[in-house]
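Protein chains in written order, with numbering that gives the first Met the number 0: chain L, 0 to 318; chain Z, 0 to 318.
Honestly, I wouldn't trust all of these hints.
Stated by the list, open to error - With a Cα cut of at most 20 Å, we get these calculated DMTMM-like pairs of lysine to aspartate or glutamate:
| hint | chain 1 | residue 1 | chain 2 | residue 2 |
| --- | --- | --- | --- | --- |
| 1 | L | K50 | Z | D205 |
| 2 | Z | K50 | L | D293 |
| 3 | Z | K50 | Z | E39 |
| 4 | Z | K50 | L | E297 |
| 5 | Z | K249 | Z | E259 |
| 6 | Z | K50 | Z | D270 |
| 7 | L | K50 | L | E255 |
| 8 | Z | K236 | Z | E259 |
| 9 | L | K50 | Z | D293 |
Read the hints as simulated data drawn from the structure, not as lab findings.
There are 2 protein chains.
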Amino acid sequence: MDVRELVDQARQGRPRAVARLISLVENAAGSPARAGELREVMAELATGTRKPYAARVIGLTGSPGVGKSTATGMLIRAFRRRGVRVGVLAVDPSSPFTGGALLGDRVRMQDHATDPEVFIRSMSSRGHLGGLAWATPQALRVLDAAGCEVILIETVGVGQAEVDVARMADTTVVLLAPGMGDGVQAAKAGILEVADVFVVNKADRDGAQATVRELRTMAGLGEAPWRPPIVTTVAYKGEGADDLLAALDKHQAYLEESGEARRRRLARARDEIEAIALAQLRSRFAHLHGDRLDALAERLLGAATDPYAAADELIAALA
Amino acid sequence: MDVRELVDQARQGRPRAVARLISLVENAAGSPARAGELREVMAELATGTRKPYAARVIGLTGSPGVGKSTATGMLIRAFRRRGVRVGVLAVDPSSPFTGGALLGDRVRMQDHATDPEVFIRSMSSRGHLGGLAWATPQALRVLDAAGCEVILIETVGVGQAEVDVARMADTTVVLLAPGMGDGVQAAKAGILEVADVFVVNKADRDGAQATVRELRTMAGLGEAPWRPPIVTTVAYKGEGADDLLAALDKHQAYLEESGEARRRRLARARDEIEAIALAQLRSRFAHLHGDRLDALAERLLGAATDPYAAADELIAALA
Numbered sequence: 000m001d002v003r004e005l006v007d008q009a010r011q012g013r014p015r016a017v018a019r020l021i022s023l024v025e026n027a028a029g030s031p032a033r034a035g036e037l038r039e040v041m042a043e044l045a046t047g048t049r050k051p052y053a054a055r056v057i058g059l060t061g062s063p064g065v066g067k068s069t070a071t072g073m074l075i076r077a078f079r080r081r082g083v084r085v086g087v088l089a090v091d092p093s094s095p096f097t098g099g100a101l102l103g104d105r106v107r108m109q110d111h112a113t114d115p116e117v118f119i120r121s122m123s124s125r126g127h128l129g130g131l132a133w134a135t136p137q138a139l140r141v142l143d144a145a146g147c148e149v150i151l152i153e154t155v156g157v158g159q160a161e162v163d164v165a166r167m168a169d170t171t172v173v174l175l176a177p178g179m180g181d182g183v184q185a186a187k188a189g190i191l192e193v194a195d196v197f198v199v200n201k202a203d204r205d206g207a208q209a210t211v212r213e214l215r216t217m218a219g220l221g222e223a224p225w226r227p228p229i230v231t232t233v234a235y236k237g238e239g240a241d242d243l244l245a246a247l248d249k250h251q252a253y254l255e256e257s258g259e260a261r262r263r264r265l266a267r268a269r270d271e272i273e274a275i276a277l278a279q280l281r282s283r284f285a286h287l288h289g290d291r292l293d294a295l296a297e298r299l300l301g302a303a304t305d306p307y308a309a310a311d312e313l314i315a316a317l318a
Numbered sequence: 000m001d002v003r004e005l006v007d008q009a010r011q012g013r014p015r016a017v018a019r020l021i022s023l024v025e026n027a028a029g030s031p032a033r034a035g036e037l038r039e040v041m042a043e044l045a046t047g048t049r050k051p052y053a054a055r056v057i058g059l060t061g062s063p064g065v066g067k068s069t070a071t072g073m074l075i076r077a078f079r080r081r082g083v084r085v086g087v088l089a090v091d092p093s094s095p096f097t098g099g100a101l102l103g104d105r106v107r108m109q110d111h112a113t114d115p116e117v118f119i120r121s122m123s124s125r126g127h128l129g130g131l132a133w134a135t136p137q138a139l140r141v142l143d144a145a146g147c148e149v150i151l152i153e154t155v156g157v158g159q160a161e162v163d164v165a166r167m168a169d170t171t172v173v174l175l176a177p178g179m180g181d182g183v184q185a186a187k188a189g190i191l192e193v194a195d196v197f198v199v200n201k202a203d204r205d206g207a208q209a210t211v212r213e214l215r216t217m218a219g220l221g222e223a224p225w226r227p228p229i230v231t232t233v234a235y236k237g238e239g240a241d242d243l244l245a246a247l248d249k250h251q252a253y254l255e256e257s258g259e260a261r262r263r264r265l266a267r268a269r270d271e272i273e274a275i276a277l278a279q280l281r282s283r284f285a286h287l288h289g290d291r292l293d294a295l296a297e298r299l300l301g302a303a304t305d306p307y308a309a310a311d312e313l314i315a316a317l318a
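Make the full structure from the sequences, and use the hints.
Pasting the structure below:
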């Protein structure tokens with residue numbers, strides 16, 4: 000199938016075409032040499048009539064075990080009740096060494112497997128430095144073109160990757176659960192700053208109200224035009240879905256009214272262009288004649304140069 | 000104080016000089032424009048007689064709440080009993096928005112605050128994309144030059160940042176604790192692959208043996224020249240310190256015998272050079288005349304270009 004036909008089918012919302020395009024993104028992330036076809040896809044996608052960055056992007060993050068997948072499932076159902084097409088990217092930062100990703104998330108999302116208006120895709124970063132920052136916006140672009148009005152990004156773990164993903168979302172939801180480590184741990188992981196909405200999930204467990212109180216104290220320290228609300232949910236029972244949806248809608252309204260929506264999307268476009276440009280330069284480093292980078296590394300190890308001088312040589316070799 | 004004097008003092012192991020040099024690294028990570036002085040420092044450090052990459056680098060990672068800081072403290076004491084100088088980098092991936100880092104780790108390490116042979120430093124990535132990959136090797140270089148024979152890197156959270164840090168360590172210790180989420184969660188976060196040694200901490204709690212068994216099942220699936228041992232500890236009581244030290248020594252011996260030590264250090268040198276080169280190119284993007292990147296982002300948002308064409312324009316503008 001040629002690229003134009005594939006893109007046309009994805010635009011019509013055909014799941015297999017959408018899946019193939021995201022696979023192209025993922026494969027190219029693992030091996031930038033394979034980015035040629037992807038470049039064609041992106042050029043073709045840009046010719047569409049649908050405005051780019053039209054989808055509302057909602058990120059869900061938090062420590063392992065807080066129930067992100069279950070909460071994502073709850074949100075899928077909530078948005079489906081509104082009749083909108085939903086895309087889901089489950090971003091797995093794991094496994095630079097095997098490229099593997101377990102199926103855990105997808106298993107729990109099986110109940111949407113037969114809904115043609117829900118696209119669920121698990122994606123790993125494949126060990127490419129900056130891989131998520133590179134691949135996620137491009138996968139978003141595919142789901143966007145496929146007519147998804149809402150795209151949920153679920154990230155595993157809490158760290159720089161999550162912060163990078165938060166930069167791509169219009170709204171970032173940070174999930175916590177009682178007994179998963181205290182608020183200082185949460186603050187250490189930097190999640191207070193990236194949250195637009197907090198969810199205390201597993202709210203039927205002991206300690207839920209204490210977590211809410213602690214979060215309120217910590218989150219309330221700063222002054223900001225938007226003060227992240229705290230929603231309690233029991234995601235596996237669907238409890239709190241309406242409250243969460245209301246909080247998300249309120250944040251969306253704030254984004255539009257304040258002009259923050261446009262600012263975030265411009266920042267996302269900047270990051271997207273920059274990540275692609277850096278990946279291309281990185282790929283050029285790897286393909287410099289005579290493996291220059293290896294030779295420089297040997298010299299650095301032997302104290303025959305310093306890292307900045309070596310970097311200068313590397314950049315000079317690009318020209 | 001001029002750079003040469005500062006570097007000389009750091010080489011003599013003066014804590015204030017070491018701290019100032021790491022601050023230079025950290026500040027430059029937040030603002031690459033300030034990397035000028037750092038470049039001088041690195042050139043000066045390279046003139047030393049101590050072999051670069053001489054220190055043994057041990058990474059400790061795991062989910063928030065498993066007790067990484069306490070385990071780090073336990074290892075500091077264990078290595079101090081051998082009389083070696085120990086450096087500690089507590090890497091905090093948090094807070095791209097405020098630059099803030101809480102003091103939690105440092106508070107718990109206070110009992111080493113007056114030991115002149117222990118250098119403890121908390122470092123945040125300051126929101127610079129690829130910040131950890133950039134800053135950590137340079138901070139390691141400073142601690143190395145300061146005569147640390149062992150450097151412990153403690154990372155918060157589990158994700159891409161931790162994988163990046165694992166690439167910098169000779170030995171990566173992955174900590175788990177009973178009841179912190181099941182093994183599938185751990186596997187999802189990709190920590191099985193980065194572990195050279197597993198620690199099940201809080202081994203006096205219910206479920207510790209179950210965690211060990213589960214880990215043994217999962218970790219035992221693959222065949223490898225090095226099969227990560229599983230050590231149980233109760234870090235706050237110092238229990239298991241000897242076992243952990245023995246496992247670390249055994250891994251170190253394996254690294255040296257197999258030639259893997261040299262391979263890992265070469266890879267680290269490669270990454271270090273590449274990260275500096277990419278940061279320099281990135282800084283050039285940001286300073287292109289007339290804010291070219293912003294203009295390209297506007298065009299991308301308006302569907303007037305595609306991300307690859309925009310990236311090409313950006314790279315072309317470098318020349």
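Handout entry: Index of numbered hints that the structure contradicts, given in increasing order
Key = When the structure is compared with the hints, numbers 1, 8 turn out to be violated.
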